[in-house]
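**Student:** Just need the whole structure built from these sequences, with the hints factored in.
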Amino acid sequence: MKIEETTSAIVSEFESFDDWMDKYNYLIELGKSLPLIDEKYKVESNLIQGCQSRVWLHAGFDGTLVHFTADSDAVITKGIANLLIRAFSGHTPQEILDSSTEFLKEIGLTEHLSPTRSNGMLSMIKQIKMYALAFKTKAAMGN
Amino acid sequence: MNVKLHNPDKGTDPEAIRADFPILSRKVHNKPLVYFDNAATTQKPQAVIDALVGYYTGLNSNVHRGVHYLSQQATIAFEEVRQKIQHFVNAKFSHEIIYTRGCTEAINLVAASWGKVNVGKGDEILISGMEHHSNIVPWQMLCEEKGAVLKVCPLHPDGSLDMEAYAAMLGSKTRLVAITHISNTLGTINPVKEITRLAHEKGITVLIDGAQALSHMKVDVQDIGCEFYAFSAHKVYGPMGIGALYGKEDVLNAMPPYQGGGEMIKSVTFEKTLYNELPFKFEAGTPNVGDVIGFGAALDYISAIGIERIAAWEHELLCYATEKLSADPAIRIIGTAPEKASLISFLINGIHPFDAGTIIDHMGVAVRTGTHCTQPLMDGLGISGTIRASFAFYNTKQEIDRLMEAIEKVKEFFL
Numbered sequence: 001m002k003i004e005e006t007t008s009a010i011v012s013e014f015e016s017f018d019d020w021m022d023k024y025n026y027l028i029e030l031g032k033s034l035p036l037i038d039e040k041y042k043v044e045s046n047l048i049q050g051c052q053s054r055v056w057l058h059a060g061f062d063g064t065l066v067h068f069t070a071d072s073d074a075v076i077t078k079g080i081a082n083l084l085i086r087a088f089s090g091h092t093p094q095e096i097l098d099s100s101t102e103f104l105k106e107i108g109l110t111e112h113l114s115p116t117r118s119n120g121m122l123s124m125i126k127q128i129k130m131y132a133l134a135f136k137t138k139a140a141m142g143n
Numbered sequence: 001m002n003v004k005l006h007n008p009d010k011g012t013d014p015e016a017i018r019a020d021f022p023i024l025s026r027k028v029h030n031k032p033l034v035y036f037d038n039a040a041t042t043q044k045p046q047a048v049i050d051a052l053v054g055y056y057t058g059l060n061s062n063v064h065r066g067v068h069y070l071s072q073q074a075t076i077a078f079e080e081v082r083q084k085i086q087h088f089v090n091a092k093f094s095h096e097i098i099y100t101r102g103c104t105e106a107i108n109l110v111a112a113s114w115g116k117v118n119v120g121k122g123d124e125i126l127i128s129g130m131e132h133h134s135n136i137v138p139w140q141m142l143c144e145e146k147g148a149v150l151k152v153c154p155l156h157p158d159g160s161l162d163m164e165a166y167a168a169m170l171g172s173k174t175r176l177v178a179i180t181h182i183s184n185t186l187g188t189i190n191p192v193k194e195i196t197r198l199a200h201e202k203g204i205t206v207l208i209d210g211a212q213a214l215s216h217m218k219v220d221v222q223d224i225g226c227e228f229y230a231f232s233a234h235k236v237y238g239p240m241g242i243g244a245l246y247g248k249e250d251v252l253n254a255m256p257p258y259q260g261g262g263e264m265i266k267s268v269t270f271e272k273t274l275y276n277e278l279p280f281k282f283e284a285g286t287p288n289v290g291d292v293i294g295f296g297a298a299l300d301y302i303s304a305i306g307i308e309r310i311a312a313w314e315h316e317l318l319c320y321a322t323e324k325l326s327a328d329p330a331i332r333i334i335g336t337a338p339e340k341a342s343l344i345s346f347l348i349n350g351i352h353p354f355d356a357g358t359i360i361d362h363m364g365v366a367v368r369t370g371t372h373c374t375q376p377l378m379d380g381l382g383i384s385g386t387i388r389a390s391f392a393f394y395n396t397k398q399e400i401d402r403l404m405e406a407i408e409k410v411k412e413f414f415l
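Protein chains in written order, with the numbering used here: chain A, 1 to 143; chain B, 1 to 415.
Quick caveat, the hints were computed from the structure, so don't treat them as lab data.
Hints should not be assumed to be uniformly reliable.
Taking lysine-lysine pairs in the DSSO-like style, the calculated list, with each CA pair at most 30 Å apart, reads [to be verified]:
no.	chain 1	residue 1	chain 2	residue 2
1	A	K105	B	K411
2	B	K409	A	K23
3	B	K411	A	K42
**Tutor:** See the structure below:
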C-alpha cells in the first residue's frame, strides 16, 4: 500500500469520531497496541528528547525498505508513533522523503505538531525523514 | 498615567476580581477556561492592558535626554515605576532597581558582572537542589569560565531545604549563595532570611531568585538582607519581557557594567568611556518603556487589593486543593514542605504527566506538565515529571472541583 493510501485510511478512521474523547481513546488503544521495540534499541542514541515524554525511534534498512520501531513512556505519544510507523514503515527511502505529513493536520492532531517542547512528534517526523535520507545516501553509495 | 485601579471594596470577592481579567471569561475546547498555570505566567488585569494601550496611544517616546514634552513625560512615568518597584520590595533606594528583560536576565547580569570580578579558580557557588534552570545554568557557565565549582545543597524528602547541610556547605571558598525564594515545582517557601544570615556570617554574598515569590507574599529585601533579588513582571500580573534586579547600592557600584551601548555611558571618546551612575550603568540601549509602564500598573493593581489578602485567599485555595487531592489514593503529591506557596505538583498512579495533561487540557483546565525546567530536581526525585496546578487569587474552589473532575476523566482513560 502506498503511503498516501495509508494516510487517507487513517484520516477516514479519525473522521468517524464524533468527539475528542473517542479520538483520544483510539490513540490510547493504538499506543497500547504498538508492537514492542527490541529492548536493545531503547538506548540513548535512539532517544528523541522532547521536554515532556521520551521517545525511542529505531530504523532498520534491508537495502530496499526502511522499517521503523518505536516506544515512549507516554501512551498518547506511543499512539502517535504507531500512526507514523503505520504510514512510513516498509517503504523505500525515496517514498518516505516524498511523502507529506499533512494528514496529521487533517486528523486534528495539530496541537501535537507545534514546535514546542510538547511530545516530540515533530522531532519524530524529522527523524523519520532523516533516516530515509541517510539510507538513501547509503544505498546510492552501494554499501 | 491614568491607570484604572481595582476598587478595594471588592475585597477578594472572586467574581468581582475575575471580571478584571478579560481572558478568564474565554472558553477553551468549548469549556470555560480554568487557568491553573499561574506559576508559568499570570493573566493580566484590564488595568495593565489599558496601561499598555495608553502608553502607545498617548505617551510613546524614547526616555531620558529628550527635551521634548513626550520624552519628558515618558521618562517621568518610566522612573515612577522604578520607585513603585522600590517600594513594593522595600529597597532603600530606587537606583537599586535595575530593569532587565526578566528574572533570567537579572540572574545572568549578576553572573556576568559580579561574577567577573568576584569569582576565581577554585571558588565555590552554592545553589540548592530545587533551582530552576535559570538559577543553575548562568552559574555553571560562570564556573566553567572561571574554573570555579558549583555546589548543590540537598533537600529533605518533603521538598524543604536541608538547612543543616546548607550551613555545613558554607565554606571559606564559597563566594555566592544563589537560592530560590519559592520552588516553582514543589511550592516550597525557603527561609531566605535565615539563608542570608548564615551566609553573611561567613561574608558570603547572597542572590535570591524571587520569580515565584513576588505575587504570593510580601517581599522585603532589606529585611531579607540579601545582596541581590531577581524577579519578572509577567509572574506578577504584568507584561512579559520586563523584570528587575534589586542589588545593594555598594555592591552594584563595585560591579563592572553588564552590556555596553547607549544609556549606560556618561561620556564616550574612542579612547575611553566613562560609565553612567546607577541604575543606568546596567541599562544599555533603549529600554522596554511600554512594558515598564505595564509593570507599574500591575503593582498598583495588586497593591490596591493587598498582598496579604491575596496570600490569605491563595492559602485557602492551596489547603482546599491539598485536601481534595490527598483524599484520592491514586494521587501522590510531590512536595509537602510545611511552608508552601499556592502550587501543587502531583502524579496520578503511574500515568505519564503528558498523557494526563493532554486529557486535563481537553477538559478546559490549563495545568503544566513536565519537568518545569527543573530537570536535576526531577532526576533527584526519580520521576520524569509532574502535573502542576498553580493558583492565583482570581481562582476559585469551584475551579479546583473542575480539576478534580478532569482527574477523574484521566483515570477513566488510563486506569
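**Student:** Does each hint fit the structure? Answer for all of them.
**Tutor:** How the hints compare with the structure:
A threshold of 30 Å between alpha carbons decides the hint, and for K105(A) with K411(B) the separation of about 27 Å falls inside it, so the pair holds. Using a Cα cut-off of 30 Å, the hinted pair K409(B) and K23(A) holds, with the two alpha carbons roughly 14 Å apart. Straight-line distance between C-alpha atoms of K411(B) and K42(A) comes to about 28 Å, which keeps the hinted pair within the 30 Å bound.
Of the numbered hints given earlier, the model fails none.
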